[in-house]
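Which chain is which? The protein sequence lines are V and U, in order. Residue 286 in my numbering sits at position 286 of the first sequence, and the numbers go up by one each step. Residue 236 in my numbering sits at position 236 of the second sequence, and the numbers go up by one each step.
By construction, these hints were calculated from the structure, which means they are not laboratory data. Just so you know, not all the hints are guaranteed correct.
Since the list gives no way to pick out one identical chain from another, each pair is judged satisfied if it fits inside one copy or across any two copies.
[Said to hold, decoys possible] List time: in silico DSBU-like cross-link candidates among lysine-lysine, alpha-carbon distance up to 30 Å: (1) Lys246 with Lys71; (2) Lys110 with Lys73; (3) Lys71 with Lys186; (4) Lys212 with Lys85; (5) Lys70 with Lys212.
Quick caveat, the model's predicted, so the values are computed rather than measured.
Number of protein chains: 2
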Amino acid sequence: MGGDHGPSVTVSAARRALKQHPDIELTLVGRPEVLEPRLRDLDLVDEPRLHIHAATEVVDMDESPAVALKKKKDSSMRVAINLVKEGVVDACVSAGNTGALMATGKFVLKTLPGISRPAICTALPTITGHTHMLDLGANIDCTPEHLLQFAVMGSVLAESVDGNPRPSVGLLNIGSEAIKGNEVVKQASQLIAETRLNYTGFIEGDDIYTGKVDVVVADGFVGNVSLKTAEGLAAMVNQVLKSNFKRNLFTRLAAVIAMPVLNRVRHTLDPRQYNGASLLGLNGIVIKSHGSADEESFANAIKIAVIEIDQSVPKRISQELHQHLSATGDGA
Amino acid sequence: MGGDHGPSVTVSAARRALKQHPDIELTLVGRPEVLEPRLRDLDLVDEPRLHIHAATEVVDMDESPAVALKKKKDSSMRVAINLVKEGVVDACVSAGNTGALMATGKFVLKTLPGISRPAICTALPTITGHTHMLDLGANIDCTPEHLLQFAVMGSVLAESVDGNPRPSVGLLNIGSEAIKGNEVVKQASQLIAETRLNYTGFIEGDDIYTGKVDVVVADGFVGNVSLKTAEGLAAMVNQVLKSNFKRNLFTRLAAVIAMPVLNRVRHTLDPRQYNGASLLGLNGIVIKSHGSADEESFANAIKIAVIEIDQSVPKRISQELHQHLSATGDGA
Chain V
1 MGGDHGPSVT VSAARRALKQ HPDIELTLVG RPEVLEPRLR DLDLVDEPRL
51 HIHAATEVVD MDESPAVALK KKKDSSMRVA INLVKEGVVD ACVSAGNTGA
101 LMATGKFVLK TLPGISRPAI CTALPTITGH THMLDLGANI DCTPEHLLQF
151 AVMGSVLAES VDGNPRPSVG LLNIGSEAIK GNEVVKQASQ LIAETRLNYT
201 GFIEGDDIYT GKVDVVVADG FVGNVSLKTA EGLAAMVNQV LKSNFKRNLF
251 TRLAAVIAMP VLNRVRHTLD PRQYNGASLL GLNGIVIKSH GSADEESFAN
301 AIKIAVIEID QSVPKRISQE LHQHLSATGD GA
Chain U
1 MGGDHGPSVT VSAARRALKQ HPDIELTLVG RPEVLEPRLR DLDLVDEPRL
51 HIHAATEVVD MDESPAVALK KKKDSSMRVA INLVKEGVVD ACVSAGNTGA
101 LMATGKFVLK TLPGISRPAI CTALPTITGH THMLDLGANI DCTPEHLLQF
151 AVMGSVLAES VDGNPRPSVG LLNIGSEAIK GNEVVKQASQ LIAETRLNYT
201 GFIEGDDIYT GKVDVVVADG FVGNVSLKTA EGLAAMVNQV LKSNFKRNLF
251 TRLAAVIAMP VLNRVRHTLD PRQYNGASLL GLNGIVIKSH GSADEESFAN
301 AIKIAVIEID QSVPKRISQE LHQHLSATGD GA
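Model the full structure from these sequences, guided by the hints.
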């Protein structure tokens, strides 16, 4: 029910996902009186793999996570996560309020053993393919141990999603000649270097999009600023391209001729194909779609959920952490 | 003498700057045996507004600032900053080692009264023009008071450079619905709101390039990651555009036709026209050029120095801080 567009997008994305993944079933959680007409419109009423589970409330996009958690016990978000907890469904995908989704996920599903803080992880396009970056805003004050856990979780995700047996992991830092990073990243670097992860050391902000590593680890404040900076710059480049191609008759003609190339470029960089951030570290699979996701984007978030189910991502994170902790004798 | 290209760029940039600014004189600081042949090549030996001041050493790009400060007392960087201190010149422009430049600037020139930490500030292109962002890497662990000082310095710079009588100032934060920022930015926000600056509150990473504010304030870690992220993304977009336009005969033809438009776009976003970061808060004007700057970029860094001299930026920062401190009764 959440996101900027609500069921108008999620129901059509569900139809698309059912076509893409013939083995899955989907449960739409929300107000039946809103969902049912939409199903009729899309001729989905008799679709045997699509179900409705009633929830009477909706968490607002700007609602405080604490309030949502306390007061909206029958929200679509809460009910969907309850269904994960009860094993009725294998994953929850939501375009709703990120903070409320994370808070509800932590409250209902709890975190995996050995994980203090779940983190938000998403794939980003790079020159060579894509990279997975976390945390993107769930945790603003991180200890070295938190960053270590993020490194393990990101590595497992890259391994599972990309089938990359040994994803490289980098820790985001600054390369100012003045001071090489703060104490937290320095200590985190030592901790990660002791794991069996394929840790390549510090990277800088400009390394994210070159694809230097498969996993980028940062605290949530820095990760969020970096992600948003990139979104803002991409929007600016897009705007400057558009306005310059619209300047006069000649440039409009040039735009027509260059269009196939520009469309290819746009497709390569299209954030929609990367939509779907994983709330890693929860004892269950929860995927956050961008609030403004369209049908294609939301279907991509569902696809990520399907992959994480197939690959048992939470279980693999537990195993990896357990192996690491028993290797180092660290029970933290 | 510094930077990736050394005097081959700086001397030709000096020639360009002398043409652009008929009122200035320039002093090249470095090894005469290296500089003089270059002057001869460019027919600048008899240029009355161009001088050479000898310095026998050069700070390496990867040298530790502490070592440079202690051991290289006759480096071109140290001698140039000494000349600022002695009032022989009005500003120093360097493409050398950022950390050493900042450390030497602090040691020789000291900071302005009321400034605890100088900060690195540069202009960035936005959809509507440009914005000034600081700190870009000089200070990684900042207190609310440091961020307040950055806000004052950035505002004075925007006022001086752009002739904007009331530049808007935003504080970089994350907009995660979970947690609105850490304690430092929350307290800094309160402090800045009490000044007479045109403070508009928190902004997020994607607001930087929309030109939402004239001055973006952040701690040096976050500011550096944001800047580098943008550089990396820009490089990726450029690469993807290039490789797609080079794919086949048709796309190469499209490139030729679209070239004038793409060149305009490139010009609008060209980082060279923004080259020249101010080391604000020092008791003197020091401008850091990008190490890889070419002639045009380095000349732009000189232009920024000229403007800051004309506008007496350090003096104006002192005045603004003094007015603020006497208004709040805070002598910190």
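Here is what the structure says about each hint:
With identical chains, the CA atoms of Lys246 and Lys71 are never at most 30 Å apart, being 50 Å at best within one copy and 57 Å at best between copies. Taking identical chains as interchangeable, the C-alpha atoms of Lys110 and Lys73 lie at most 30 Å apart only when both belong to the same chain, with a minimum of 17 Å there against 59 Å between chains. Taking CA atoms no more than 30 Å apart as the test, Lys71 paired with Lys186 passes between copies only; the shortest distance there is 27 Å, against 41 Å inside one copy. Taking the shortest alpha-carbon separations for Lys212 and Lys85, neither the intra-copy value of 37 Å nor the inter-copy value of 43 Å comes in at or below 30 Å.
Neither within a single protomer nor between protomers do Lys70 and Lys212 lie at most 30 Å apart by alpha-carbon distance, with minima of 43 Å and 36 Å respectively.
Comparing the model with each numbered hint stated earlier shows that hints 1, 4 and 5 do not hold.
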